[in-house]
Amino acid sequence: METLYPLLHATFANLPDWAVRVAAFLIPIAFIFAVYPAIFALTTLVERKALGRIQNRYGPNRVGIFGILQPLADGLKILVKEDIVPRVADKFTHFLAPVLIVVPGLLVYLVVPIAPGLVAVDLKIGVLFALAVGTMSVIALFMAGWASRNKFSLLGAVRAVAQVVSYEVPTVMAGVAVIMAAGSLSTLTIVERQSGGVLNISNWYVFRPWGLVGFVLFVIGGLAESARCPFDLPEAESELIGGYHTEYSGFKFALFQMGEYLAGMAMAGVTVTLFLGGYLGPGSGTGLIGRLIAMLWFFGKLAGMIALNIWIRGTWPRLRVDQLMGFAWKILLPLALVNIVAVGFWHFLTPRPVAWMVTTVWLVVWVVVLTKCNASAHLEKREYRYV
Amino acid sequence: MNIAFWIISAVAVLGAVLAVTLRNLVHCVLALILFFIGIAAHYFLLHADFLGTVQILIYVGAVAILILFAIMLTHNVTGTDGPRELLGLKWWSGAAIAAMLAVVLTRAIQGDKLAAALPAGDRAQSSVAEIGKALVGGWVVPLEAIAVLLTAALIGAVVIALEEIRKSR
Amino acid sequence: MEEHLQQLARQQWLIPAIPLVAAAIQSLLPRRARKLSAGICITAMGLACALALRAFIATLGHPEAVREFYNFPWFEFGNTSLQLGFILDPLTAAMAAMVTFVGFWIFVNATGYMHDDENFTRFFCFLSLFAAAMLGLVVANNILLLFMCWELVGLCSYLLIGFWFHKPSAAAACKKAFITTRIGDVGFFIGILMLFWKTGSLNLYTTDGTGALQQIGTQLMGHGWFGWSVATTIAVLLFIGAMGKSAQFPLHVWLPDAMEGPTPVSALIHAATMVAAGVFMVGRMYPLFIAGGSVEQPTFAMDMVLYVGAFTALFSATIAVAQFDIKRVLAYSTCSQLGFMVMALGAGGLVPGQFHLLTHAFFKALLFLGSGCVIIGTHHEQDMRKMGGLRKYMPITFICYLIGMLALAGVYPFAGFFSKDEVLLVTFQRSKVAWGMATFAAFLTAFYMTRQMFMVFAGKWRGGEDQGHHNDHSSHGSHEPHEVPWNMWLPIAVLSLFAIGLGFFGGKYAHYLGAEEEELAGKSLVMGLSVAVGAFGILLGWVLYGRNPQAHASDPDPLESKLGGLFTCLNRKWYVDEFYEMTIIRATMACGTLFRVIDKRLVDGILHSIVWIVRGISQVCRVVGDGFFINGGFDAGCETVRGSGWGLAKLQSGRVQTYFRVLGLGTIILLVVYFLKS
Amino acid sequence: MNIPLGHYLILAAILFAIGLAGALTRKNAIIVLMGIEVMFNSAILNLVAFWHYKHFAVPTAQLFAMFSIGIAAAESAIGLALVIAVYRHYKSVDVDEMRALKG
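Each protein sequence line maps, in turn, to chains A, B, C and D.
For any residue, its number in the working numbering is found by taking its place in the first sequence, counting from 1, and adding 14.
For any residue, its number in the working numbering is found by taking its place in the second sequence, counting from 1, and adding 2.
For any residue, its number in the working numbering is found by taking its place in the third sequence, counting from 1, and adding 836.
Going by the working numbering, the residue at position 57 of the fourth sequence is 47; the numbering climbs one at a time, nothing skipped.
Hints in this document: simulated from the structure, not taken from any laboratory.
Heads up, a few of these hints could be off.
Stated by the list, open to error - Listed next, with one range per pair, are the computed distances between beta-carbon atoms: (1) C:991 x B:144: 21 to 29 Å; (2) C:1426 x B:154: 38 to 46 Å; (3) C:1503 x B:144: 21 to 29 Å; (4) B:143 x A:374: 28 to 36 Å.
To be verified - DSS-like mimics (lysine-lysine), calculated; alpha carbons at most 30 Å apart, straight line: (5) B:135 x A:138; (6) D:81 x B:92; (7) C:1344 x C:1268; (8) D:81 x A:165; (9) D:44 x C:1513; (10) A:165 x A:95; (11) A:95 x A:138; (12) D:44 x B:135; (13) A:386 x C:871; (14) A:105 x A:63; (15) C:1222 x C:1344; (16) A:165 x A:138; (17) A:165 x A:105; (18) C:1034 x C:871; (19) A:95 x A:105; (20) C:1222 x C:1003; (21) C:1359 x C:1296; (22) A:138 x D:81; (23) A:105 x A:138; (24) C:1359 x C:1268; (25) A:91 x A:138.
Here a beta-carbon is modelled for each residue, glycine too, at the ideal position from N, C-alpha and C.
Produce the entire structure from the sequences given, and follow the hints as far as they go.
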């Protein structure tokens, strides 16, 4: 609202001040509430289609052209489904959990800038806010699992909580690298620091040695925090029936799906902001046209990240629980810490080529070391003995 | 912003009251989370943005989860508590002492000239950069001490909680 | 140049800091990292040594004594700020150089001595910690910092004496050492408190002249206890601490027992450095001791120091004559030599005392390390009666040991001769009695060292006798003594160089400390007599032990037949331990028992009997006077007493919430009182 | 924007009292710990309120608050670990039953 207000004020000079203020307050909220759920709806369709292609089938193609109305149909179906609450469930908590799970995902978008100066709230601590709010989803997950009074739900919830709490640490640390490089916690500033260079592209943090590592860490962390494949153990159908949302049906179930997707998209949005230059790209600028192009860039990148998520989901197998935790604590966390040191090198070493060389060597060495150290014991070829 | 103060205060007080009175332990924790969020909101209101975020990260993201896990690990999955001794001496004396403390503190604050004399208002913007500089500048030793403390607490907690496993081996 | 010194004073903290960091690292090493641990320890000590030598060299060559210090605030409470500081003056520089240098070589030796110990890593960790604490003590410009380090070296001493804690004797010895020195520390601590109370500063020297030692003339001349001045009172209290640490009579009993520790520890802590800390501390606080006195009219503190030192010197020397354990002889010798130093300080000779400290550190460390070599060479044999003939088997050790022995016996031109001579000379000026005692002690020193030399190195090997195979060594090769590896003999060889040459620098050292040259009376008499008694002692030793070396381990000591009962008495250390056992420890135990009985019977009994009496009376009243007078008040009183007793017992219910509740109530009451008052 | 400092202080006092009441009245050790957390938080709120009204220019109070939060986190971790250990021993988390220190 702080950023939109002067913009609106300048554009609609003849409107009364209070109207501008209210508009500046409401428009971002309305935007967030309208656009991102819409993207969510679209994503479900795209995901199903893409997964279908990956699995050599068609995917939904009956409702509308190319099945484009499928999300609508899904929504309608799920709205009229019976809402079942288990008799022994903790009613209030059971009801509250799906509502709460949507909130953190939406809150994160508050600090994700979509065009120059266009961010709902330009918090000075934007990145930290996004990360902090993201962690609140664990509470909702736990509530859901616990309130269902179902041991699969509870196990799923406990797994989810352990997973999110574990992966939060390397994710935050990967974010710290960017914060260090940008010297600011504000998302707008971070994006602006990535501007310039060749085509407004070459300065994105992902094109730095530490940035690449951070990007990979952040994407992995984001996948794990939103419990997407290959980190979807908490809701693994084959192991836990449905995890924490086993006992949910109807619209509450839909809210869970929505919350998950929103969280995943939110992480994707933060990733875009931190590493992929946010709204930056050739043609993005501060004018009206420039802003529109910037928005296109942002949503294009967001779509790219979502596509990446779908791609990963379609192609990768699920991790085991011990592998999941070991991966977070033994590989990602050390790598994230090493990455922070790399940013330190980057910051203090001049000239640039030296910094490039040193950080690259440092990171490569550590990646190799960590991989070697964590390499699982090579199993001998199995021999069967018949006595 | 007056309204914000009252709303947030109400939420925080409600959360605190529910946290210490509810029957179900898990509900208590959820109420405690509400209280934590209320406090964090107060920090935002007081322009301590960074602190508010830290509050959410640490209390909601870590401490509350820790308490939930502790409840689960004490084999109390449903979170039910024992019967309440509402009319017991213990309950009444505890409540009375707390109430007395509240009264005394409130009276003291009201009587305090300092609190009344201080003007309310917004003077400058706090800067995260300042906090950061202070943390790695003059306050680096306390910071390190806290780091050591947390490490020690981590190890200590693991050791205490792992006692059984060690014994069984 | 001054700036350079100031810079060095600012960097003095590095000297203890390096071993401290090393200790911290070592404490985290796994047990198997033996070489790494020893390497870290020795490297750190080498670095500290280099720093200390740099500071030492920088202070050399100044016309008058330098004194640079650097103070910094530690923390502040209210208006008072507690400062800590480091000092660089000749006393510190020489001491630090000595500690690091001797310590370095002792560490090297320890790698050989402890070679087979499974807790090698822990040992070197403790050694590093000790070195850090000792160096902190030396470089402190602050009595509090000094005291902290003082306690830390005590702790390390405790840990290292009890290093083989599975031996009951070692466990007992470390406790004894700790508790005995603690008795002295009480005095020390009271002295510190008094000093802070009177001067308002714990820093010894400050730039604005408010340091504790800079207020001698002003704040500290008031009346203290027993009609002494404040300075003297504090000095006496501090000296009690020094008595504990430097093993002066009557607090000397812990030092011989401390020999239960590994021998490098004995060399480092109980010969060269820690026990000298008391002497060093007296030297550091010397202005307090001499304040208000003069050569003709010395203060009580000085007299006390003098006579305690002289008595300890003689007393311990007599005990050393009749010991059979190779290390115990050296331990009592250490006590005796410390007595010499203390005596010199008491006689007003700061320079001879400190100089004797330095030379003694070198040759006593040499002797202890030599005895360690002997012990290793003879496969952990400590009884001198079961040694003999080691000259043949351990030539290098023999030569070095001989040098150390000659230095200790005070033979020209070895180091001990010069320093002891100066000590005797300065004592001669003050007190003929003390001088006489010291001279006799010097004679005994020469005698018992000769005795030890002959028993250990001369004659033939008596060690195999226990097994009854003393004719056939070759078949029991493991029992035959052997020379020690290079890492054990190299340190003693290096130290023996200093034991030879250090004495010639006595005059320079006096100049270095800033003392004026003065011609002292009776120089030729004292010197001649000391040479004579030294020679006589060696001669007597040869007559008794050298001419006819002991043939068998079970043979009686030649001296025993001549002295008879007195020898037993000496062998049992004048029965001091037994005396303490009979008196102080018994009395303490009795007190404890008494108080327990009082607590159980009297206090509890009174409480219970009050309750029961009141109850009983009320019962009687109820029964007897049921119809006559119904004494409800009485009844109520009894109930009240009983109830309150019950309530008090109830208070300690073990319920944490009850405590919490009381805490809350107390807070409320305090708050109410506070706000009612204001 | 004219909430006086006193309001915050009173709020903190009330929250502190609520936490104290919880710590005093409940039998479950975990809730006692939660009550202590509430007390911690109200104390930190005091710090921040004073900072906002009194020493806005320097971040010292915020640092203090952060350190307090860190210490509180360590405290709760250890406290809960102890509760779990106690539970293993007594098979109960009732503070009234933890009376080994009874006089």
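A quick look at each hint next to the structure:
| no. | hint | verdict |
| --- | --- | --- |
| 1 | C:991 x B:144: 21 to 29 Å | holds (27 Å) |
| 2 | C:1426 x B:154: 38 to 46 Å | holds (44 Å) |
| 3 | C:1503 x B:144: 21 to 29 Å | holds (27 Å) |
| 4 | B:143 x A:374: 28 to 36 Å | holds (34 Å) |
| 5 | B:135 x A:138 | holds (16 Å) |
| 6 | D:81 x B:92 | holds (22 Å) |
| 7 | C:1344 x C:1268 | holds (27 Å) |
| 8 | D:81 x A:165 | holds (22 Å) |
| 9 | D:44 x C:1513 | holds (26 Å) |
| 10 | A:165 x A:95 | holds (24 Å) |
| 11 | A:95 x A:138 | violated (44 Å) |
| 12 | D:44 x B:135 | holds (21 Å) |
| 13 | A:386 x C:871 | holds (28 Å) |
| 14 | A:105 x A:63 | violated (36 Å) |
| 15 | C:1222 x C:1344 | violated (44 Å) |
| 16 | A:165 x A:138 | violated (43 Å) |
| 17 | A:165 x A:105 | holds (17 Å) |
| 18 | C:1034 x C:871 | violated (50 Å) |
| 19 | A:95 x A:105 | holds (19 Å) |
| 20 | C:1222 x C:1003 | holds (22 Å) |
| 21 | C:1359 x C:1296 | violated (42 Å) |
| 22 | A:138 x D:81 | violated (48 Å) |
| 23 | A:105 x A:138 | violated (39 Å) |
| 24 | C:1359 x C:1268 | holds (14 Å) |
| 25 | A:91 x A:138 | violated (43 Å) |
Hints 11, 14, 15, 16, 18, 21, 22, 23 and 25 from the earlier list are contradicted by this structure; the remaining hints agree with it.
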